[in-house]
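Protein chains in written order, with our numbering: chain C, 1 to 144; chain Y, 1 to 235.
For the record, the hints were derived by calculation from the structure and aren't laboratory data. Each residue gets a CB set at the ideal place from its N, CA and C atoms; glycine is no exception. Do not take every clue at face value.
Subject to a maximum C-alpha distance of 25 angstroms in a straight line, what follows is the list of computed PhoX-like cross-link-like pairs (lysine-lysine) [claimed, not checked]: (1) Y:Lys162 with C:Lys144; (2) C:Lys40 with C:Lys95; (3) C:Lys40 with Y:Lys185; (4) Y:Lys22 with C:Lys143; (5) C:Lys117 with C:Lys29; (6) Y:Lys162 with C:Lys134; (7) C:Lys144 with Y:Lys37; (8) C:Lys69 with C:Lys29; (9) C:Lys143 with C:Lys29.
Coverage of chain C stretches by chain Y, computed from C-beta distances (three or more under 8 angstroms per stretch; other residues unrestricted) [to be verified]: (10) 47-57; (11) 64-76; (12) 89-97.
Here are a few chain Y residues that sit away from chain C, every Cβ distance over 10 angstroms (derived from the structure) [to be verified]: (13) Ile133; (14) Arg232; (15) Ala234.
The residues making up each chain are set out below.
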Amino acid sequence: MMKKWLLAGAMVVAASGVFAAGDPIAERKEILKGFGDLTKPNGAALKGEAAFDLAKAQAALKAYSAGSKKLVTLFPDNSKTGGKTEALPSIWQNKAKFDGIYAKLDKDATDALAAIKDEASFKANFGKVLGNCKACHDDFREKK
Amino acid sequence: MREQSGDNGKVLAWDFPTRAFKWTLAALVVSAWASNKFGGGTPNWHKWTGYAILVLIVFRLLWGFVGGSTARFVNFVRGPGAALSYGLALLQGRTPKYLGHNPLGGAMVMAILAALAAQGALGLYAGDADRLIIDGPLARTVSDEAVTFAARWHHRVFDLLKILIVLHVAANLYYAFVKREPLIKGMATGYKPSDTYVDAPAARAGSPMAAAACLIAAIVIVFGGILALGGRIAI
């Protein structure tokens, strides 16, 4: 059963990788979706609704750093519309500010990865990283 | 208690609990805005500001029945007709002087209280699109659609609040600097120059014990209400 799931998972990843290649909108959505999935258990731990898990915190922080380095390249001028993107035109009107948030996310995640050793340091440092999510969503993501 | 007209020609207009409520609420509204603007990494700052605002609103509703004379709704809440005719008199520069809230100011007080109550209640159910960055304590009790709805209206009511606050501050600056009526100073010190006020010559202060009781009741109502509705409050 486990093997079957792993295989299915690998196929989904491979398929989406093929699909996403050369499609910046699909590619960035996939990375950001991955951010969300990895953030979920950490958000719950911050609120005290789930147990703190160092491995999950580290996995998320590593993904934020690696992902933000890729994400800055995934908003080219020809990707303003299509693919049900929630990206606002303000991204391309304030590209330097927008890119700056990803640079800060990368740096804050790297710093937090070094600083977080236990639950206390997690609670003290993880929120600052998530502040970058809000900063970007406030200005650059379509509101529902 | 007209004897509170002091020797120095000043009369009590606002008792201490009413003034403490007013300025604390103003500071908390600034904190609510600042915590959203600058506190993306510390959602509890925004959430506890919201809880505190809700407590103060409930306090003020209770205080409006048992508080000092100028804080009581029965003494300053007037119909739209009274507010309108006062507004017209204001435009002509011939307004009667009020010790407490004038009819138009009273309407503004109620509008701001209602908007803040709505804003705080919406915040309890609001959250970001993914429920990852911030969500109110009751967001977990409702559907994603309800959270999205609450978040949208949390933004819209904030736009309304900005308009109300600008009008409120502008009106008070107008009274202070154009009409030369020390309304702001009165709300800061509690005292106004004795004059021929049309509503009352001097205010009667509310009891400090009653104020404490209202505050405790407000805390119990807000936090007890959140918990009773299935919310969790993180410290």
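Hints versus structure:
no. : hint                   : verdict
1   : Y:Lys162 with C:Lys144 : holds, 22 angstroms
2   : C:Lys40 with C:Lys95   : violated, 28 angstroms
3   : C:Lys40 with Y:Lys185  : violated, 50 angstroms
4   : Y:Lys22 with C:Lys143  : violated, 33 angstroms
5   : C:Lys117 with C:Lys29  : violated, 30 angstroms
6   : Y:Lys162 with C:Lys134 : holds, 22 angstroms
7   : C:Lys144 with Y:Lys37  : holds, 19 angstroms
8   : C:Lys69 with C:Lys29   : holds, 14 angstroms
9   : C:Lys143 with C:Lys29  : holds, 16 angstroms
10  : 47-57                  : holds (count 3)
11  : 64-76                  : violated (count 0)
12  : 89-97                  : violated (count 0)
13  : Ile133                 : violated, 5 angstroms
14  : Arg232                 : violated, 7 angstroms
15  : Ala234                 : violated, 5 angstroms
Comparing the model with each earlier hint shows violations of hints 2, 3, 4, 5, 11, 12, 13, 14 and 15; every other hint is respected.
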